[in-house]
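Chemist: Throw the hints in and build the complete structure from the sequences for me.
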Amino acid sequence: MIDFLAPLYLAAAAVAAIPLFLHLIRRRIGTRREFPAVRYLARAEREHSRKLRLRNLLLMLLRVLAVLLVALAAARPVARVIGSGHAPTALAVVLDNSLSTSAVVNGQTVLEGLEARARLLVERASPGDQIWLVTADGVVRGGSRGTVLTAIRRTESLAGAGDPEHAVTVAASLVRAASTVAHEVAIFTDAQATSWTDPLSLGRVHVVAYRPRTDPPVNHAVTESAASPGRWTPDGAVRARILTPDSAVYRIALEGRTVARGTAARNEEVVVHATPAARGWMDGSVELEPDELRGDDVRRFAVWVGAAPAVAASPALGIFARSALDALVSAGRAAVGNDIAMVPANDVTTLPALIVAPADPLRVGAANRALERLGIPWRFGEVQNVASTVNGVPGDSSRLAGVTVMRRYALERRAGTDAPSDTLAMAGADPWIVAGPTYVIVASPLIPQATNFPVRAAFVPWLGDVFSQRLEQEVGSVINAAPGVQVGRPANADGLELAGGERLSLSGDSLTAPDQPGVYFFMHGTRRLGALVVNPEARESALARLNNDALAARLRGSDVRVVDDAATLHTHTLSSAPRRPIVAPLLMLALLVLVVESAVVGTGRRRAA
Amino acid sequence: MSTAAPGQRADLLDPATIASLGRIEVIARWVVDGFLTGLHRSRRKGFSVEFAEHRPYQPGDELRYLDWKIAARADRWVVKQYEEETNLRAALVLDVSRSMAWTGAPERLTKLAYAERLTAALALLFLRQRDAVGLVRFDDEIRTALAPRVRTGHWRHIVAALDEPGSGHASRAADALEQAGRLISRRGIVVLISDLLMDPPAVVQHVRALRHAGHQVVVLHLFDPAERELPITADTVFVDPESNIEVPATVQEVRSAYRATVNAAIAEWRQSFAAIGASYETISTDAPFGVPLRRAFASRQRVP
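The listed protein sequences derive, respectively, from chains A and B. For the first sequence, my numbering assigns the number 1 to the initial residue and increments by one for each residue that follows. For the second sequence, my numbering assigns the number 1001 to the initial residue and increments by one for each residue that follows.
Think of the hints as simulated: they come from the structure by calculation, not from any bench. Every value quoted in this text rests on a predicted model; they were computed, and no experiment measured them. Built from N, CA and C at the ideal position, the CB exists for glycine as well. The reader is advised that the hints may include incorrect statements.
Only pairs whose alpha carbons sit at most 25 Å apart, straight line, appear in this in silico DMTMM-like list of lysine to aspartate or glutamate [said to hold, decoys possible]: (1) A/51 to A/597; (2) A/51 to B/1246; (3) B/1069 to B/1053; (4) A/51 to B/1235; (5) A/51 to B/1268; (6) B/1080 to B/1107; (7) A/51 to B/1061.
Reference listing, derived: stretches of chain B covered by chain A, where coverage requires no fewer than 3 residues with Cβ under 8 Å from a Cβ of chain A [what the hints assert, rightly or not]: (8) 1068–1074; (9) 1231–1240; (10) 1251–1258; (11) 1261–1271.
Modeler: Pasting the structure below:
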């Protein structure tokens, strides 16, 4: 099949109609001339007409053929031709170096096997080819064959999943933009199912995907690890989930010190409580015994550990609130002090504070004035004496589920304010508990006549969480990210503490997560202001592979082939696409035709002379 | 009256050049004078049994005709010339059809102009040899028929007849040859001057009849050089001036075939006339008049 790089020039083939036209109308043109010996002329034409017609037909065909050949050549045709070598090719090698390719199979990593195949392909490239290497993190390296070979050798597995699909898209764009005759994308991947989820539209680019025939190893991985709650005051828990086909031995550590060891069953969530003595931000990890895929055997987390918040409770709140605070104090989760106020709204004068609706409706006016004075964007509206069930919002629903509200005030957003706030619970369709950076407002008095919440078991833990997670001093938050992804920069963070105590200055609204997993602390001056926890994507630990057909289904295009052996790979790459430009042969043929035409004309002229 | 050029024989000059110097009779005289001057080079021409006159010896003359007596007496070298008997009757048959009034180049004479001057010269040549000469002009009909006469004034009648109109749209040579046969009561010579753009069978048939009657027939086939070579280069629609038949042709493509055809036609004419004992000569209109005169006169010498 012949393709044309400049098909518009095929229109020039219409010029071929000129000799045809001249041939057809030739006898109708010319000047009239008196000539007595017409009988000889007529006799000559009569006796030589067959020969003349053949000669004229031959000349016409030669001229038409010459024009057609030149027009074809101008359209820059390419076609498969017999011969060695391959046409100048734009070759983009996509090397899937995602974390899963670091799995060891038969004594070598999957990536090493893929690299070997990729090198064999690139070594067959010729100087006329354009070559790029695109890795799963989207990095493109182009240049000569030697440059790309070196880049392949230096390619290492990523700590995360990367984005092989994006890499293929980038590779296809690269080769499509090239002006070479052939365009080819060679994908070397472990065909991990979780990496190839969305079908890619690759158009007419020749795509060959190689996947290893070997089965993936059995993998044990930590797929989840987190401190619960995010702030420990000072006790808390580590929650982890282990991916294992049967069981796995785990170790949980804080600041490198072992907190717990154990064996986790399949799909079991591990919860380990801890009360570290240290304070402040610290890193932790959940670790497994090493297996064939090392990158997901450790999963980090970060936690802030601090003293129990000091709370001053107003006597006007009632016995239930005071008793709950006493319980928290006795459990060590709170202390008596003036850091946080727990008061009726009409008495609030400082923040942070847990603000409770006044029991007496007559004090609503004073309460709203106090809220306005503190810049809180909420006010109490009319009292609602209608029983309603609380609907918690995500995160708080477990503690608030089933709470009944008999009396509450409508919480109204103060006009003209746009300060951020959260709604922690809804009573019916209205907000019941709302929160801001330094306040939490409950729209009912904490007495049994207004709501059964104070008498429920969940009240005390909820109250503890409010004090420690909501109203405690701002210590920053944890950002979980995969290696290399963009994350937002926390406000006031001007640096990132790297491993070994090095500091990376931050600016702008975002930053790129480090390539290596770990816990990195945001800094404001010398103070830690939160943590960036970098872990591989949990999905990368699922090493199930797509078969050839399934992978081919993900790579949608007119010329896609998935192979799993070296011979087939060799057949269908580079040498399999010997589509070469045939401009020169066409021009030579056109020249030959013109030479023949000149010879025919010259023969006629010599005879005429 | 001056000659064409001092020291040059008019029968050897370019016909167009010499034709531009005077009228037919003048040109004819020059040509004949020049032609006769060169006749001594021929072994058999001009030397019959009856003495006619002396003329100065010229290198090349045979010594046996040298008049030794005069040489001894007057120390002058002269040769004796003899006249043949005037028993020959000649008929000049001239084609004046429209095809004859054509030339391939402005600087050349038309075939008719050339033929008329040749006819006048031939007539004069015959008369000077004491032969009776007549004239038949024809195209699609017989335009002139002058019976052979031997009188000197007859030549003026012939020259005058050449000025009569012609150029008809056909060449009926058969009728003209038949008329010529009737004009010559006893054995004589018929000279046909034509471009022979006509069908051969009828012409050959009547020439054969003349030959059967004992007449010598000389056919001078006139060609314009362009009719032999077809030098035109552009695509052209060729029109026959007589029949108005049109033949479009790309000259470059047909030139070689055309030349081959013309040569084939000449060969056919030559073969046909040779088969019946008639002389046939092709004359190009750019050839000096001496050429056809010599060829025609050579035939005269073969008259029995």
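Chemist: Now look at each hint and say whether the structure bears it out.
Modeler: We went through each hint and held it up to the structure:
1. As the CA atoms of residue 51 of chain A and residue 597 of chain A are separated by approximately 16 Å, the hinted pair is consistent with the 25 Å bound.
2. Restraint check: the Cα-Cα separation between residue 51 of chain A and residue 1246 of chain B comes to about 21 Å, which is no more than 25 Å; the hinted pair holds.
3. The straight-line distance between the Cα atoms of residue 1069 of chain B and residue 1053 of chain B is roughly 14 Å, inside the 25 Å bound, and the hint therefore holds.
4. Proximity of residue 51 of chain A to residue 1235 of chain B is assessed by CA-CA distance (about 18 Å); at most 25 Å being required, the pair is judged to hold.
5. A distance of roughly 23 Å separates the Cα atoms of residue 51 of chain A and residue 1268 of chain B; the hinted pair therefore holds under the 25 Å criterion.
6. At most 25 Å may separate the alpha-carbon atoms for a hinted pair to count; residue 1080 of chain B and residue 1107 of chain B exceed this at roughly 42 Å.
7. Distance restraint check for residue 51 of chain A and residue 1061 of chain B: the Cα-Cα separation of roughly 56 Å exceeds the 25 Å cut-off, and the hinted pair is therefore not satisfied.
8. With a threshold of 8 Å between beta carbons, the proposed coverage of the region 1068–1074 of chain B by chain A is violated, since 0 of its residues qualify and at least three are required.
9. Given a C-beta distance limit of less than 8 Å, the hint that chain A covers the region 1231–1240 of chain B holds, as 8 residues qualify and 3 suffice.
10. Here's how the region 1251–1258 of chain B fares: 8 of its residues keep a CB closer than 8 Å to some CB of chain A, so the rule of at least three is met and the hint holds.
11. Evaluation of the coverage hint for the region 1261–1271 of chain B: fulfilled, as 3 residues show C-beta separations to chain A shorter than 8 Å, against a requirement of three.
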